[in-house]
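Participant: These protein sequence lines are chains X, P, Y and L, in that order. Note that our numbering gives residue 220 to position 220 of the first sequence, counting from 1, and the numbers run on in steps of one. Note that our numbering gives residue 313 to position 313 of the second sequence, counting from 1, and the numbers run on in steps of one. Note that our numbering gives residue 169 to position 169 of the third sequence, counting from 1, and the numbers run on in steps of one. Note that our numbering gives residue 123 to position 123 of the fourth sequence, counting from 1, and the numbers run on in steps of one.
Among these hints, one or two may not hold up.
Where chains are identical, the list cannot tell them apart; a pair therefore holds if satisfied intra-copy or between any two copies.
[To be verified] Okay, derived cross-link-like pairs now, PhoX-like style, lysine-lysine, Cα gap no bigger than 20 Å in a straight line:
id, residue 1, residue 2
1, K229, K195
2, K18, K53
3, K53, K15
4, K220, K141
5, K220, K145
6, K242, K229
7, K242, K195
Bear in mind the hints are in silico, worked out from the structure with no lab data behind them.
Number of protein chains: 4
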Amino acid sequence: MKANYPPLYYSDYLKLDKLLSCQNPKSEEYEGKLAHDEVLFIIVHQAYELWFKQILHELDSVRDIFASDYINENNMGVALGRLSRITEIQKVLIDQLNILETMTPMDFLEFRDFLVPASGFQSYQFRLVENKLGLRPDQRKLFDKSAYYSRLTPAHQALVIASEEEPSLYDLVEKWLERTPFLKLKGFDFWENYKAAVQTAFQHDREIIEQNPTLAEGQKEMELAELSKSTEGFLAVFDEEKHNTLREEGHRRLSYAATQAALLINLFRDEPILHIPFKLLTTLVEIDELFTAWRHRHAQMVQRMIGTKIGTGGSSGHHYLRVTAESHKVFTDLTNLSTYLLPRSQLPPLPEEFRKNLGFYYTYRNDEDKS
Amino acid sequence: MKANYPPLYYSDYLKLDKLLSCQNPKSEEYEGKLAHDEVLFIIVHQAYELWFKQILHELDSVRDIFASDYINENNMGVALGRLSRITEIQKVLIDQLNILETMTPMDFLEFRDFLVPASGFQSYQFRLVENKLGLRPDQRKLFDKSAYYSRLTPAHQALVIASEEEPSLYDLVEKWLERTPFLKLKGFDFWENYKAAVQTAFQHDREIIEQNPTLAEGQKEMELAELSKSTEGFLAVFDEEKHNTLREEGHRRLSYAATQAALLINLFRDEPILHIPFKLLTTLVEIDELFTAWRHRHAQMVQRMIGTKIGTGGSSGHHYLRVTAESHKVFTDLTNLSTYLLPRSQLPPLPEEFRKNLGFYYTYRNDEDKS
Amino acid sequence: MKANYPPLYYSDYLKLDKLLSCQNPKSEEYEGKLAHDEVLFIIVHQAYELWFKQILHELDSVRDIFASDYINENNMGVALGRLSRITEIQKVLIDQLNILETMTPMDFLEFRDFLVPASGFQSYQFRLVENKLGLRPDQRKLFDKSAYYSRLTPAHQALVIASEEEPSLYDLVEKWLERTPFLKLKGFDFWENYKAAVQTAFQHDREIIEQNPTLAEGQKEMELAELSKSTEGFLAVFDEEKHNTLREEGHRRLSYAATQAALLINLFRDEPILHIPFKLLTTLVEIDELFTAWRHRHAQMVQRMIGTKIGTGGSSGHHYLRVTAESHKVFTDLTNLSTYLLPRSQLPPLPEEFRKNLGFYYTYRNDEDKS
Amino acid sequence: MKANYPPLYYSDYLKLDKLLSCQNPKSEEYEGKLAHDEVLFIIVHQAYELWFKQILHELDSVRDIFASDYINENNMGVALGRLSRITEIQKVLIDQLNILETMTPMDFLEFRDFLVPASGFQSYQFRLVENKLGLRPDQRKLFDKSAYYSRLTPAHQALVIASEEEPSLYDLVEKWLERTPFLKLKGFDFWENYKAAVQTAFQHDREIIEQNPTLAEGQKEMELAELSKSTEGFLAVFDEEKHNTLREEGHRRLSYAATQAALLINLFRDEPILHIPFKLLTTLVEIDELFTAWRHRHAQMVQRMIGTKIGTGGSSGHHYLRVTAESHKVFTDLTNLSTYLLPRSQLPPLPEEFRKNLGFYYTYRNDEDKS
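Let the hints inform the model, and build the full structure from the sequences given.
Facilitator: Structural data, given as structure tokens:
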């Protein structure tokens with residue numbers, strides 16, 4: 001790197017003159033009188049869009065890492081760092097709502113009518129984020145498949161439609177899980193032993209409910225029914241056919257092999273080779289959680305801002321947002337993995353040959369030297 | 001105040017030796033081997049309980065202020081300050097979940113079985129917070145009325161049962177709203193004029209939907225039906241009988257007079273006398289929102305921790321928490337007030353005689369001097 | 001407001017195509033190979049600049065309110081709301097550092113050399129924020145007066161130079177305090193009584209130190225010297241001449257009359273007419289604190305990023321930032337007001353005639369009716 | 001684990017009756033009239049002490065891990081997780097200040113005099129945290145060595161004094177760094193090559209300053225002097241003797257070998273074996289930063305609360321806190337490591353034999369299979 005680049009100044013580097021001329025309040029344009037808070041309304045949404053661009057930048061790079069045939073171990077840490085960055089951005093997305101909430105409903109009314117039918121629903125970048133994470137079109141529960149991009153410009157529509165076809169982060173992580181080498185060991189009867197241990201645990205839960213003196217009669221039956229459903233769901237972890245049935249019915253999304261790999265990563269996350277994979281799965285769940293929290297907070301804010309009125313986009317405001325908060329999750333199966341965990345003390349032991357492979361080459365060689 | 005109090009030292013003042021001997025991990029007691037994260041589990045819950053005590057301290061004092069026959073204006077600022085403090089505490093309650101989330105599901109399993117049937121559901125202080133805020137027993141949707149305190153000690157039960165009978169913050173605020181003096185002015189035809197202005201506004205929304213070219217056919221009809229429901233709901237603001245019907249059906253909680261007062265406070269919040277009342281109503285909504293956010297985050301964390309298993313208390317964990325997040329709100333009618341707001345430009349003007357009364361005595365006299 | 005505005009769409013309203021084409025990484029331009037984290041570096045700074053624009057929008061409007069000859073009481077609440085919004089924005093400014101800190105020093109090095117001599121020091125908007133708040137040129141401690149804008153474009157320079165001449169928020173608040181009507185009451189010997197009460201309090205502090213058995217000898221003398229200095233400083237509150245000497249020496253900035261007004265507002269903040277003024281002064285202190293916290297965090301981040309190397313702007317990075325954190329405060333005299341407060345129980349009572357004037361006209365008339 | 005543990009209830013588990021009887025306001029005890037905010041004052045400090053206990057629990061366990069002769073690789077992830085937990089706790093410690101700041105100076109005065117000479121300075125747990133992290137007694141800059149624990153109870157004093165002697169986290173991390181195996185490779189002329197690359201980089205910085213047209217004359221010389229000092233400091237990385245001189249003079253704390261190891265970890269952090277060590281060093285810096293931020297915020301709050309008055313402990317309040325904010329850092333040498341980093345493109349390449357050793361055994365064997 002040489003020193004002969006042209007001198008660069010802050011405002012040129014950031015294109016400040018251009019950036020700071022993107023705020024064009026409609027109250028001023030249409031009525032000649034600026035509604036003070038419209039500037040805030042514009043700027044907060046532009047800040048959101050800048051951050052969406054950054055999230056897309058990270059998502060694209062992480063998808064590239066996972067899309068390669070051979071994932072260099074060095075890159076796993078890079079991928080994790082970039083996903084963690086997304087969570088830090090998401091926290092700021094949530095914090096920004098505190099700023100927007102300083103605008104009162106009366107202040108919003110000063111310019112609301114100028115904005116019809118604009119709506120945050122039309123943020124093509126957020127649609128891209130959802131698709132690239134792995135939201136499936138059918139999760140959107142729309143009247144018709146194209147409703148969520150029909151109002152976008154042709155260029156933006158093209159981007160959104162294309163993103164539906166690209167492999168999502170979800171898809172790529174699923175494939176990566178299915179490929180994880182440590183599943184392939186021969187003579188590893190781990191799952192049989194694990195199944196037995198799990199059945200003991202569920203039986204234990206059943207006794208807790210049955211012996212609970214404070215549960216009302218109806219409640220006890222309901223809890224037991226719930227437990228039976230859980231037990232059945234659990235058994236699918238050992239029954240590929242059952243698992244696939246649950247998938248077809250929409251109760252599971254993650255493939256059988258990927259689920260087993262994810263479970264192993266959770267169970268043996270302290271092994272060096274599983275540290276980053278474990279952190280990675282955890283971060284995906286966190287990304288889901290943070291978008292869920294953001295959607296809930298957003299829904300609350302919209303309710304507070306317009307009550308039960310329709311939104312500027314012509315849809316019934318906060319209901320839509322509240323529904324998507326829970327239904328637009330992507331990594332639910334990873335969140336629910338805890339269902340299938342057992343305490344370390346109840347885990348069937350790993351074969352020694354297998355364990356050795358989960359450490360670092362260097363450490364291993366050191367051991368060698370000692371022997 | 002004289003200087004002859006006995007010298008006081010930090011650890012005596014805070015009773016540190018006692019406070020720091022309240023942590024008694026069961027893993028150590030039962031099995032002789034401390035599960036490292038059980039200490040965290042105990043301490044985070046104790047921190048919650050300390051903060052609940054503080055919230056109760058503030059709630060009780062604010063209820064005292066509102067319970068007096070004559071509310072000294074000076075005390076309104078005090079009440080507002082204490083409610084705002086509750087919101088700051090609530091933010092820490094939410095932040096504390098970030099600490100608890102550093103415990104992984106596997107770590108929790110190390111001591112989970114020792115805790116049966118303990119459950120956060122048994123926090124009598126949180127039950128008191130809910131009751132004193134104004135949660136009604138029927139909002140709890142339990143098998144029987146006493147289920148939410150049946151496992152408490154007799155002393156704690158007595159506190160909870162008593163709190164059901166005491167006037168809640170909700171009750172007292174409703175009464176205070178009903179009494180606000182500025183409603184009593186004679187010859188004030190505000191509501192008739194407001195009704196006309198509102199009808200114009202709703203007609204406007206109808207046109208927005210009807211002329212929206214991008215809405216699918218079924219969607220347009222659904223939106224219009226939604227709007228009709230909103231319009232009807234709105235008209236109840238001017239129709240005491242209709243309002244009372246909505247209350248009986250459970251669609252409203254706030255009385256007719258209190259709703260009108262709260263609406264006026266929102267519409268004319270810039271008048272000096274309404275500044276603190278407006279902030280107060282806003283803060284109540286914020287308290288609702290923050291508990292909602294906390295319950296949602298709590299539900300997410302429980303799902304991540306135990307998946308779809310039953311909780312240690314023998315109930316199906318995160319479902320209950322997720323349901324209460326939305327159903328345990330107390331001040332929903334205040335949140336929804338925005339439904340009935342109009343832009344300042346469309347508001348019927350206040351009679352001059354009335355406006356004068358909304359200012360400070362001092363300012364008024366200055367004006368007098370000028371005339 | 002009529003429905004015949006042209007339909008508006010989200011991406012047009014926010015000028016998304018323009019906004020999202022403002023990111024032009026130099027690593028890509030100069031070397032044809034994008035340094036992944038340069039995008040983050042650009043976007044986080046652009047987000048800062050968007051928020052600086054919003055802060056300036058609020059600062060300008062609040063200065064307008066305070067600049068008018070007669071401050072409508074209704075506008076005081078508006079001013080307070082907008083200053084509070086600034087604090088919410090500041091919190092996000094601090095939170096954004098968490099995002100930037102996900103970039104490691106090694107990642108920064110990938111593009112650092114392209115940026116010379118750009119520097120955050122060249123943010124003209126932040127210079128405007130400082131000047132409009134009330135930072136005085138001599139607080140900047142620069143080699144020459146123009147050093148802090150010499151690298152800006154002529155247009156940006158002109159803005160910064162102009163802002164030095166405009167009345168700052170500090171100036172306007174000081175004038176407003178000097179004018180507060182409640183200072184003018186005749187026969188109000190408040191300050192004499194207050195002086196006596198204060199002297200008692202300081203004597204009390206002296207005894208605390210003298211009787212403290214655990215202070216080392218040298219330490220006790222140092223504490224007493226410190227107290228004497230405080231006492232002397234305090235007496236200036238009652239001695240206009242002394243106060244003016246302290247101002248000339250740079251130990252005080254706020255005028256004598258404004259200091260007394262601010263002190264009264266703090267002492268009697270529960271009186272209705274003083275509620276908003278008290279909140280306003282508190283918010284100004286909070287703005288100072290949040291910029292201080294931001295500068296400290298920023299300095300830490302720079303140290304972590306480049307260690308003790310020079311910054312891209314050619315200055316010794318974090319030292320400058322750390323120094324400004326404390327020295328660029330504007331409202332220090334308001335922060336230090338607590339020095340002069342006494343407990344309510346020790347306050348000389350307000351004359352009844354005076355107190356009456358601090359309430360609302362309406363309340364007062366009600367009392368009238370009762371008599 | 002069997003189901004026959006005695007049933008456990010929430011309030012017994014958390015010892016709620018005991019915990020919630022630890023709040024004993026002195027205003028009530030001494031004067032029979034509770035100062036409302038004294039309850040907050042007690043509870044916020046008790047919450048701090050609970051969290052300090054948790055931090056100590058984590059610190060002790062991490063020190064145990066590092067103190068063992070052979071650090072099991074599995075435990076490195078555990079140590080990292082526990083240090084990360086400390087940072088999450090620290091964020092809540094900072095957030096709690098927002099709650100305390102809802103107490104105004106006037107409210108504090110209602111009970112301040114009862115507390116003499118209690119002071120947060122007397123928190124023995126915080127002294128333990130400092131000592132166990134690795135604060136050296138001479139960093140405290142006290143009149144005499146025992147001043148920071150002289151007012152504690154004998155039992156608490158004993159704990160603090162003992163903690164001065166125990167190996168601190170700093171000590172143990174330094175030793176662990178000195179032992180890291182990857183430093184021992186033969187024929188590894190890394191440092192020679194690195195030194196040459198670094199000299200080129202510093203020369204480059206010198207040119208940036210010299211060619212900077214906007215620097216005032218005096219400023220340029222100052223910057224160059226600063227750079228010379230940095231360069232000299234840098235060369236110490238390759239010169240054990242120089243490094244040791246800097247240590248003796250107090251400019252460095254970390255040993256020569258540990259510094260080199262930490263630098264290597266930063267430079268090659270993407271190698272799998274270095275991922276956790278890199279995160280670990282980063283987290284130590286973050287712990288330092290968060291305590292610094294907390295101390296700064298704390299100092300601000302104290303200034304706002306008591307102005308320039310003396311504290312209840314008889315010391316000149318916020319000055320002490322502000323000084324410790326910067327001077328009580330423990331891991332400054334790790335923060336400053338960035339001084340010595342070079343861009344990846346300028347790094348001398350690692351010998352292939354060496355790189356191979358930084359990966360996982362498993363991956364390596366896979367490669368083997370392919371060959």
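Participant: If a hint holds in the structure, say so; if it does not, say that too.
Facilitator: Hints, verified against the model:
{"no.": "1", "hint": "K229 x K195", "in the structure": "within (16 Å within a copy, 53 Å between copies)"}
{"no.": "2", "hint": "K18 x K53", "in the structure": "both (17 Å within a copy, 13 Å between copies)"}
{"no.": "3", "hint": "K53 x K15", "in the structure": "both (16 Å within a copy, 14 Å between copies)"}
{"no.": "4", "hint": "K220 x K141", "in the structure": "between (35 Å within a copy, 16 Å between copies)"}
{"no.": "5", "hint": "K220 x K145", "in the structure": "between (43 Å within a copy, 16 Å between copies)"}
{"no.": "6", "hint": "K242 x K229", "in the structure": "within (13 Å within a copy, 45 Å between copies)"}
{"no.": "7", "hint": "K242 x K195", "in the structure": "within (15 Å within a copy, 60 Å between copies)"}
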